[in-house]
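K.L.:
Starting from the two chains in their separate frames, assemble the complex, guided by the hints.
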Amino acid sequence: MQQIIFFFIRNKNFLLFAVLFFVSVYLTIQTHGYHNGKYVSSANFISGNVFSAKSNVTGYFGLDEQNQRLLEENKRLRTQLEALKSSDESHGADSITIPSGFKYKSARIINNTYSKSKNYLTLQKGKKDSVKIDMGVISSKGIIGIVNAVSENFSTVQSILNTESQINARLKKSNHFGTLTWDTKDPNIVQLIDIPRLAPVKFGDTIITGGKSTIFPEGILIGTIQEYNLDEADNYYDLQVKLFNDMTNLKHVYLIENTNSEEILQLENQVEHAE
Amino acid sequence: MQNNAILINALRFVLLVLLQVLLLNHINFLGYINPYGYILFIVLFPLDGNKGLLIFLSFLLGFSIDIFGDSGGVHAAASVLIAYVRPWILKFSFGISYEHNNIKIYKTSMAQRFSYISILVLLHHIILFSLEVFNFSHILLILKSTLFSGIFTILLLMSLLILFSRKN
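Protein chains in written order, with the numbering used here: chain A, 1027 to 1301; chain B, 2 to 169.
For reference, chain B alone in the conformation it holds in the complex (with noise of 0.2 Å):
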């Protein structure tokens, strides 16, 4: 990575941790919903960069969030799941060749991005659901929060994306 791509994954990694702790985990929509929006770190964390110090960022990014929740370990388990099988998500969802093509996500189609991020926040929801309530008993809450939870996530992203990728 260059200098400038540093100091970009810094910041966007304490911004996310700020918006995460002091907004998102505060919108509370119909009493439970909430987006985790801080997973736009992995998701746009450069393609061709260094697995190993993502897999280790994603678990500093969600021990951060579990600090200021008191939630244990839950967001570090979730992110650094997701980060680990993040190439063969993005070898799905932009073909086998991602890595010479040099893909920008960007450019990328509505659908690759729509299946990439869908995938991502889905599996990243459900481990996080399941070790927060870790009763199976509640098998149910697992899937409900995981799907609407999922859904605000997946819907907060995408405009993220598109919000930011005018100016590139």
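Pulled out of the complex, with its shape left as it was, chain A reads as follows (with noise of 0.2 Å):
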């Protein structure tokens, strides 16, 4: 016993260090997997407010930028006011408009990360603004990502720039989909594989989303393809995509919110346990 004792008295900082060490490795492999249980995240009181406090500051820094895109797409959305009415018109007024079953709310970028491997912005919005875990992030020019942790004030966003990140994506002409992923090299440009190779592709095509999943409604802008090569097997198009988005340079992004997201999944989960 004694013995024991001693080893453990002699060894108290190499057992200190393997049990911290042992502890960070785990919370490491925790961020790995997608929203399993996150304990760690930047969307806490006190980095919340430390990014919020910080983004007051620095808000002001590029305003001018950041309006003239706002006023770009206030014209394109009022172009397609403009067409969407006169198409209207023969419907009269008390025709019945459906639902489309996607929320939108506003947000502002309080902290942006896109040099590392596995990036993430926090967003000064959280559960009192009824944010919730799996809503998809957009900016006026396209996709953005995915909301992983949610905190009272703030949430956490899993960018498209991270290798844990896997987006259903189509080509806009056809309707042939594919995954999108990201290689870490550059921060304007994401991978789509999956093609299959009887898809049209061409230098210059639009991507957009594939609407194959509940998070993102169909037809979100991505980006244009820079590059595209067949893979080992020669079955699929691996696709270089040059995002819309600048994601160096993001202030204001909207949260989407698919409100049949539960219905859908109950009625998947109930075909997936009937087999």
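Rather than coming from a laboratory, the hints here were simulated on the basis of the structure. Ideal placement from N, C-alpha and C gives every residue a C-beta, glycine not left out. Check the hints yourself; a few may be wrong.
Which bits of chain A does chain B cover? Going by a derived footprint, with three or more residues having C-beta under 8 Å, they are [stated by the list, open to error]: (1) 1029 to 1041; (2) 1067 to 1074; (3) 1193 to 1200; (4) 1237 to 1249.
Incomplete in silico selection of chain B near chain A, CB under 7 Å [to be verified]: (5) ASN29; (6) TYR33; (7) GLY53; (8) ILE56; (9) PHE60; (10) LEU61; (11) ILE68; (12) PHE69; (13) ASP71; (14) GLY73; (15) GLY74; (16) VAL75; (17) TYR85; (18) VAL134.
P.N.:
Next comes the structure, spelled out in structure tokens:
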């Protein structure tokens, strides 16, 4: 017994080191799965408030450019609205509008990383503003990521610039879809893999979200094809996609909530269990 | 440690965390190169201080950086490791009798200081990036990041030391 106690006393530094190192590695591995109970995230009281304070100061830089972007978006939306109005006039004013099933919220980014292999953003909206895990995040120009942790006032977003991210996307011209991944090399280029060989792939073609998941509606812009080649087995294309978004310069985003997601997921679960 | 040393180290801890998460994490030189200046805390921790305490504080330090950076526990792991091996590095850089000679880091020769800091930094960075990337097919990315960020961090730490040693 005494020997054991002596052993502990003699090696107390090593044991302390081993325990703490093990804890850290455990926390690291935790983050490698997608949102299976994340304990550590920047969506907490302390870091959220520090980032908010910083964002309150730095938020004034680049306001011109942000305004310009909002103007552009307004212009685009107005044009769409006019087009819709003129095509809709024949229906008369009492036409029923069918709810689309997607709700939008705006939020401000208070922290953004893009230089690591697993990047996250922190938003200044949380549970209080009914932000939930698995909501999609886009900017006026295109896709950004998926909410993966929420606290009372803040939330973190797993960026598309994250080696764990896998988002369903397709070619705008045809319906061939694949998976959007990132190889960590360039924050403005992502990879679209598993596009079947039959698909008509051309330089400069637009890539949009596929709408095959409950997170993003179909048709959110992603980017354009910059380079493509067949994979080793020659059955699928690997595309290099240049993002419309400048992921290094973001301030305001929209959160998308799918009001039907619960129903869809429940149904899918039922089917899985029935098999 | 005297009260004074405790106060200085506590202040250094908080300031370095803030410096790291608000400024250094956002430099992104050439797209991805960031210095990790917060390990200055481990470099400057009293050479005769309690080793167990240093290991624990290093864990807290790395963990704080991880919370702000959403990086799980990679900084905590790297910091704990260099805190644990620091006595051997000190022996290697300053000679076997560093503990008895009551060495002040500001008074050591440039070469000794450089070897001490570079070993700590490179060890820290290789653990950090290996755990962050967590994929040995990206070994080149790990080495590249370690080297470039390492040079950046070493330069930063050396200049910070020179900057603050004038007063002493």
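K.L.:
Now tell me, hint by hint, if it's right for this structure.
P.N.:
A quick look at each hint next to the structure:
no., hint, in the structure
1, 1029 to 1041, "holds (count 3)"
2, 1067 to 1074, "holds (count 5)"
3, 1193 to 1200, "violated (count 0)"
4, 1237 to 1249, "violated (count 0)"
5, ASN29, "5 Å, holds"
6, TYR33, "4 Å, holds"
7, GLY53, "5 Å, holds"
8, ILE56, "5 Å, holds"
9, PHE60, "4 Å, holds"
10, LEU61, "9 Å, violated"
11, ILE68, "5 Å, holds"
12, PHE69, "5 Å, holds"
13, ASP71, "4 Å, holds"
14, GLY73, "4 Å, holds"
15, GLY74, "3 Å, holds"
16, VAL75, "5 Å, holds"
17, TYR85, "4 Å, holds"
18, VAL134, "5 Å, holds"
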